[in-house]
Structures are given as C-alpha cells and as structure tokens.
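Asker: Build the full structure now, drawing on both the sequences and the hints.
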Amino acid sequence: MFFSALVLCVSLYACQRSAPSKGNDRTGMSSKLKVLTTIPPLYSFAKNITGDAADVENLLPSGAGPHEYASSPADLKKIISAQVLIKNGAGLETWLDSLIASAGEVTRSGDKTLIVVDASSGIDIINNDPHIWLSPKKAVHQVKNIRDAMIKADPDNAELYIRNAAQYIGRLETLDLEIQDEIRRWKKKEFVAFHSAFLYFTRDYGLRQVAAIQEFPDKQPTPRHIADVLRVIKDTEIKIIFSDSQFSHKIVESIARDLDLRVLSLDTLETGELHPGWYENMMRKNVAALKKALGGDN
Numbered sequence: 676m677f678f679s680a681l682v683l684c685v686s687l688y689a690c691q692r693s694a695p696s697k698g699n700d701r702t703g704m705s706s707k708l709k710v711l712t713t714i715p716p717l718y719s720f721a722k723n724i725t726g727d728a729a730d731v732e733n734l735l736p737s738g739a740g741p742h743e744y745a746s747s748p749a750d751l752k753k754i755i756s757a758q759v760l761i762k763n764g765a766g767l768e769t770w771l772d773s774l775i776a777s778a779g780e781v782t783r784s785g786d787k788t789l790i791v792v793d794a795s796s797g798i799d800i801i802n803n804d805p806h807i808w809l810s811p812k813k814a815v816h817q818v819k820n821i822r823d824a825m826i827k828a829d830p831d832n833a834e835l836y837i838r839n840a841a842q843y844i845g846r847l848e849t850l851d852l853e854i855q856d857e858i859r860r861w862k863k864k865e866f867v868a869f870h871s872a873f874l875y876f877t878r879d880y881g882l883r884q885v886a887a888i889q890e891f892p893d894k895q896p897t898p899r900h901i902a903d904v905l906r907v908i909k910d911t912e913i914k915i916i917f918s919d920s921q922f923s924h925k926i927v928e929s930i931a932r933d934l935d936l937r938v939l940s941l942d943t944l945e946t947g948e949l950h951p952g953w954y955e956n957m958m959r960k961n962v963a964a965l966k967k968a969l970g971g972d973n
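Under this note's numbering, the first residue of the sequence shown carries the number 676, and numbering increases by one thereafter.
Worth flagging that the hints you see were computed from the coordinates, not collected in a lab. Careful: at least some of the hints might be erroneous.
In silico lysine-lysine, BS3-like type, Cα no more than 25 Å apart, as pairs [what the hints assert, rightly or not]:
hint, residue 1, residue 2
1, K863, K752
2, K894, K925
3, K752, K787
4, K863, K812
5, K863, K914
6, K960, K812
7, K862, K787
8, K787, K707
9, K827, K812
10, K914, K864
11, K925, K909
12, K914, K960
13, K967, K812
14, K812, K862
15, K862, K707
Answerer: Next up, the structure:
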C-alpha cells in the first residue's frame, strides 16, 4: 500500500515536469548528468570519476545508515530525476529495490532511462558481508564498475571519466601499498571490533578479526554472545578493543571495564562526509587506529 501511494504521488509530480526527453537529453534542465549514490564511499568514488561533469548527490541524508533505512517519497523523486543510481549491492540496500521498481512504473511510458550500477558486481561476497569498500583493493574494483557505467550513461565525456578514474585508481593503489607496508611491520594480527564489517580488509591484508561485539547489524548482542566474546578476548590476550564511531559505546565500555582493556575506534564508513578525499582519509585513520593496537607492545 505504501509504495502504491508513493507511485501515485510521484506520478503526479512527474506529470508536472517538462515533457519527456529523448534518451538522456537534459535540455531545459542542468546540462550535467545527475548521479545518485547510496553511501559516502560511493560518493567519493563517483565524484573522483566525474569531477565537475556530473551532479553527484548521496541519496541517504547525513547520519542515516544504509542497513535499515526508511525511504520516503522524496527519495523516489530523486531517483526518478536521476540518470545514474550507484548502489553498493551485496545485500546492503535491501530497501532500495522497491524504490527502483516504483521509479520504473512512473517512467516506463517515457523515454528516460535510469542506469542502476551495482558497484560490487564481479566481487566474490564473503559470508554475506556487504562492507566491500573497507578494502582499498576491492574499492578499485568498485571504481571500475562506476567508471564503466558513467561511460555508458554519458559517452560524450568518456575520455574524462577514463582519465579521472585512472588517476583515482592510482591513488587507491598507493593507499593499498601504504597499508601493506604498514601492516607487514606489525607484531600482532588479531583484533576484536564492534562490527563484523572488516572481512574484506582482514582477508586482503593478512589480519584476523577474532570476534565481533555486535553479532548482527542493528541488533543488541545476546548475553551468550557477549560471554563468547569475553572468552575469545581472554584466550587471545587482546588488550585493546574497537568500538564503532557510529554506534553507542556502552557495551564496549562495559567489556573494557570488566577486562581492563583500552578502547579505540574503527569506522565502517557507512555514514560520513561527502567529499572526494574523504574515503582515503578515513581508511588512513582506521589503519592508524589498528596500528595502536597491533603495531606496538600493547
């Protein structure tokens, strides 16, 4: 019922707009391609590829996480007006499929085409974990997927997208080498974090997350699970645990008090600043935090 009403509402909105254009002709509107992303890492990727050639906007408002997001009619309007929608995929944006279907119902009688980009296409998914962007190696693959979609959507700017993507991939590969060189010197490889979001990162860089304090996204851990985490921490002699900067620290602080541990923060990058350099900055901050736990005598 909700999406039926949503489609009707936005259909009226669409009818009030200018007559349907052919293909992706944007006569009468901004001459730039309109691109939507779902999370800040994808915004960083897309903005580095497009530069000023496209208007890039993040669909989710500041501070809204992608796992259990409650969409609105305003979101559907944004999708209908976009030419490219970039999602992470891998089961992250489960709420998005119905919006895309509703947008298709509104626009199917016109000539407008929405290109939906699954940034994770071609990547092997580990244990249904959608946090692919947390490994710069995988981020390069996502950038290539976005680049190819932008070329398809806007072939007139293909050379620009290819050049910008190559430059950005070069920066990500530099970041990758920095992380490899740093982790190679660390004495320890095992850590405990609040969120089980680091499977791609740990696999690509030779680390091991031995436990996650939050068993499932957006759900409080059970007492039994917390007991298991405490046992793992004792068995592995871990002295520092990681909270998530986007969640309450109460459970983490309770564990830290019980076992006399230090608490540092790792960021899953699900929310954050919309800026081209933000992804690289945040990944370096995460590595710096891990170094404090694994690179010294703690």
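Asker: Any hints from earlier that this structure breaks? Give me their numbers in increasing order, please.
Answerer: 1, 7, 15
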